Structures are given as structure tokens and as C-alpha cells.
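Visitor: These protein sequence lines map, in sequence, to chains A, B and C. Quick note: the first sequence, position 65, residue 65 per the working numbering, numbers continuous. When you read off a place in the second sequence, starting at 1, and then add 1000, the result is the number in the working numbering. When you read off a place in the third sequence, starting at 1, and then add 2000, the result is the number in the working numbering.
Simulated from the structure, these hints should not be mistaken for laboratory data. Computed from a predicted structure; not experimentally measured. All clues given are correct.
Derived, one-sided and incomplete: chain B residues facing chain C with beta-carbon distance under 8 Å:
1. T1042
2. L1048
3. Q1094
4. V1095
5. G1154
Here are the simulated DMTMM-like pairs of lysine to aspartate or glutamate, each with C-alpha atoms no more than 20 Å apart in a straight line:
6. K88/A - D30/A
7. K1012/B - E96/A
8. K1012/B - E93/A
9. K1087/B - D1032/B
10. K88/A - D1068/B
11. K1087/B - D1155/B
12. K88/A - E1021/B
13. K1012/B - D97/A
Glycine residues also receive a C-beta, built at the ideal position from the N, C-alpha and C atoms.
Each chain, letter by letter, is given below.
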Amino acid sequence: MMLLSQVLGLSVISAEDALPAGEVAGLGIDPLACRVSELYLKSTGSGDSVPWAQVRGMGPDAVIVDTAAAEAGRESPHSRAHKRLLGKRILTEFGEDIGTLTEVTFDPETGAVGDLYIGRDPTPVPGSRMVGLGSYALVLAAG
Amino acid sequence: MSTLMLVADLTKRPVVTLGGEAVAQIKDTVFDAAGGQITGFTLAGRGLLSGPLKQSLPWSGVHALGPDAVMIPAVEVLQARDAVVDKGEAGSGQVRGARVLSDAGLELGTVLDAVVEGGTSGRVAGFHVATTEAMGRHERRAFLPAHGRLAMTGDTLVIPARLAERAVDDLAAADLRKGTER
Amino acid sequence: MIWWMWLTAVLVALLLLAGAILGTQARRRGGGAIVVRRGRRGGRGGMR
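Start from the sequences and build out the full structure, keeping to the hints where you can.
Guide: So this is what it looks like as C-alpha cells:
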């Protein structure tokens, strides 16, 4: 499992020509599928986001992506809601604010989201409880 | 999940979809006297410059009324403002300032606010009342329990004298939660 | 008057206007509890 905070700022390198494509600015998450859906890059002129399918490998030192993906600049409709994932307000489906998101663990091989850490609570919440992620809040189903 | 809340605290509470988008904030809380139940909310925009919205939120579209947000399944549940309250009703139905009479004909005070049960209930649990001497209480403000059908208009609330005896100082008091059952 | 006095007067007027608009809108967003009686809807409202 990898931590979201670990990935932020990693350099993104294209697999074909070894050219840098940018730095990881954030991860896009599909809350219902409980997976990482895309990678947001700090703007380098090469593109804004890379779909997860185009990520070849993710390690402690770099992220390797297909060249084509790194060049295909596109702004996903959800990117604004997802870019600042850490620090996002968390609401339960019963309308209770339970803190802010401080960490996300995920499998760098499959993109499956593992756990969510909320505030300073050391016990995480399984990512499978996510029901929605928008610009206002991350919504969790009753646990 | 059933927490009691003052209607005044609901005003400005954000209306959030299960998808995590805040689409409006609560303006008025509308309840039906016959059912003793919230029937919906009028809405306002969330921006500094925004005013009341032309849409409203019927209670059937509420997923949960929470302490920090009103959750709705999706923005599609919002309806035209008239679906919840029309202009005439909004003008004559404001409960703040309505006088409270006991069924023995005693004026007990004036309504400050309504107390509702959150979660998925939406029940009107009681009223916050500025009391007169007739209540014979030390505190000048009290919570009166209510249950089910309310004898109420925007001008007057009539409550059984036996309920007036069960006035409490504190919203957390158990009496209000139980309604009239003993 | 000197030129900057006009400028100040205009700025103050603009600030007052902005404050008034923000205040009015904030008040219009306020609300409270409204009681209605279902079944009366459709039959001429407004009776008390």
C-alpha cells in the first residue's frame, strides 16, 4: 500500500523517451468504485491529468506513464473537486461533519483505495464507505 | 439518529448531495400543523451576493437532516418554491412571536422557535417559548414538548395544560424526545 | 474641492453601496419556522 502524501510531488516520467512529464499534484478518486481514477500533474505544459490505465508503474521515487498519456492534456470535470483531496471535509450520509481527510492509502498496482484517515483519528475508515466526492465534501456511508 | 435541533440553527445549514456538492443552504423550515412534521425547506444561495432561491426542498427529497448538513440524494429532488410553501402561507405562517395558550385559556408566553427532530424523522418535537408569569417558572425561557397534531397557526399555538407542566429548561432534556407518551 | 476629495467621496459612496447590498442579501438569506396546514392548499390561502 502507498500513501497519497507519499505520491504528491513525485516526478512523472514518460516510459518511451524518459522525458519528465511533470510532478504529481494529486490523485483523482472514483468514490463508488473505490479506486484511483487519474493522476493530476502540476502544470508543465504537457498536460493536466493522466488516466490510471496509462500509469505503467508507481514507486517510491517516480511515476512512469505512457508518453501518449503524458502529452494528452485534458481537464476532467471532476478535477477541481479532487485536486485538494487532503484536507477535504468529510460528511457522513447523515449530515454529520466528522473531520477532514488527512491520508489515503491505495494499492499502486491496481489503484484500489484502501483506507481513509480522518483528522487525528489513528483508526482508519475503509475506502469502501465512500459514496460521493464533490467540491464541498467527501461523503461516507454509515459505518 | 435522532437529535433535536432548533429551527434557527437550521437556517444557513448547507444542502449537500450524496455526491459531495453543496447546492444551496436552508432558509425557512416549513412544517405542517396537522401532521406535526416538517414538509420541506425554502432555500437560499450560498454565495455572499446570493439571495433566496426559486427552488425548494420537499421533505420527501431529504436523505437525512444532520447536525452539519442536510443531505439529499441528488440535485434533482429540488422543486419549485411553491411546492413547499406559497407566498400567502409564508407571510401568515411565521411561528416566531405566535402566542401560546393553554387549553385552560391561560396565556403562557410567545413562541421563539420550533424544535425539530433530525435524522430521517423531521418531527416537530416542541417549541422554545418566552414564558409569562402564568407559567410560574423561574426561567423566562422554556422548551414545551409537542407531539403529533398541532393546534397552531402563525398567530396562536394552543397546547394542553398537562404539556405545559412538562416544560423544561434544556433542549437535551429527555421529556421533549418522548413526545407525549409517558 | 481638491481632486482627491472627489475620489475619496466616490470611494466612500461605493463602499457604502457594497455594504448595503451585502447586508440586504445576508438578511434575505435568513429565515425561520413557517407553519402551514395541508389540505388548505388550493383552497384560497391567506386565512388565519
